[in-house]
Every structure is written in C-alpha cells, then in structure tokens.
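Make a model of the complete structure from these sequences and hints.
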Amino acid sequence: MAPESGKAGSSVDETVERIRQLNEQVLEAGKQWGQSFLDAYEQSMRTFADYTAKAGDSTDVEWVSRIAKAQADFTREVTKQATEAARRMLK
Numbered sequence: 001m002a003p004e005s006g007k008a009g010s011s012v013d014e015t016v017e018r019i020r021q022l023n024e025q026v027l028e029a030g031k032q033w034g035q036s037f038l039d040a041y042e043q044s045m046r047t048f049a050d051y052t053a054k055a056g057d058s059t060d061v062e063w064v065s066r067i068a069k070a071q072a073d074f075t076r077e078v079t080k081q082a083t084e085a086a087r088r089m090l091k
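Per this note's numbering, residue 1 is the first one in the sequence shown, and the count goes up by one each step.
Derived by calculation from the structure, the hints in this document are not laboratory data. Just so you know, these numbers come straight off a predicted model, no measurement behind them. Think of the CB as a built atom: it goes at the ideal place given N, C-alpha and C, for glycine as much as any other residue. Warning: the hint list may mix true and false statements.
Only pairs whose alpha carbons sit at most 25 Å apart, straight line, appear in this in silico DSS-like list of lysine-lysine [unchecked claim]:
| no. | residue 1 | residue 2 |
| --- | --- | --- |
| 1 | Lys31 | Lys54 |
| 2 | Lys31 | Lys69 |
| 3 | Lys80 | Lys69 |
| 4 | Lys91 | Lys31 |
| 5 | Lys91 | Lys80 |
| 6 | Lys80 | Lys54 |
The following label-pair restraints were derived from C-beta to C-beta distances [said to hold, decoys possible]:
| no. | residue 1 | residue 2 | range |
| --- | --- | --- | --- |
| 7 | Asn23 | Ser58 | 48 to 54 Å |
| 8 | Val26 | Ile67 | 24 to 30 Å |
| 9 | Gln21 | Val64 | 54 to 60 Å |
| 10 | Glu24 | Val78 | 40 to 46 Å |
| 11 | Thr59 | Glu28 | 44 to 50 Å |
| 12 | Arg46 | Leu22 | 35 to 41 Å |
| 13 | Ala29 | Glu84 | 52 to 58 Å |
Right under this line is the structure:
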C-alpha cells in the first residue's frame with residue numbers, strides 16, 4: 001500500500017503546484033489589467049481637464065475662465081494622486 005500512497009501524494013503535490021502557478025498567472029493578469037485600466041482612466045481624465053480648460057479659455061467672461069481653469073487643475077491633481085495611490089497598491 002505504501003507505493004500507492006506515495007503516488008497519491010505525488011499527484012496531490014503536482015495538483016497543488018499547478019493551482020499555485022495558475023493563481024500566480026491570475027494575479028499577474030489582474031495586475032496588468034489594473035495598470036491598463038489606470039492608464040486609460042488617467043488619459044481620459046487628462047483629456048477631460050484639457051477640454052475644460054479650453055472651454056474656459058474660449059469665453060470672454062474672466063470669472064468663468066478662472067473657474068474652468070481651477071476645475072481643470074483640480075481634476076488633474078486628483079487624478080494624479082488617485083492613480084499614483086492605485087499603482088502603489090498594484091505592486
């Protein structure tokens with residue numbers, strides 16, 4: 001009976017190793033997906049901020065222009081801080 005239990009133990013070890021490798025692959029794929037998502041989010045928010053600033057520049061009303069520029073700057077800064085924090089968590 002000992003040879004069969006050794007065979008079963010080996011099979012269990014192999015199965016555990018395959019599961020571990022699969023888990024590592026899933027985690028790595030998740031990190032890559034997360035990085036791609038953050039890149040796309042950051043670019044979208046930068047584009048939004050740029051359009052907000054341009055819209056403000058296109059008006060002749062100075063207070064509207066200043067508010068639009070402040071909103072664009074705020075959006076850029078919040079986006080920068082949020083994506084940096086998220087990237088640190090993905091490491």
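### Task
Mind listing which of the numbered hints don't hold for this structure, in increasing order?
Failing hints, ascending: 1, 2, 8, 10, 13.
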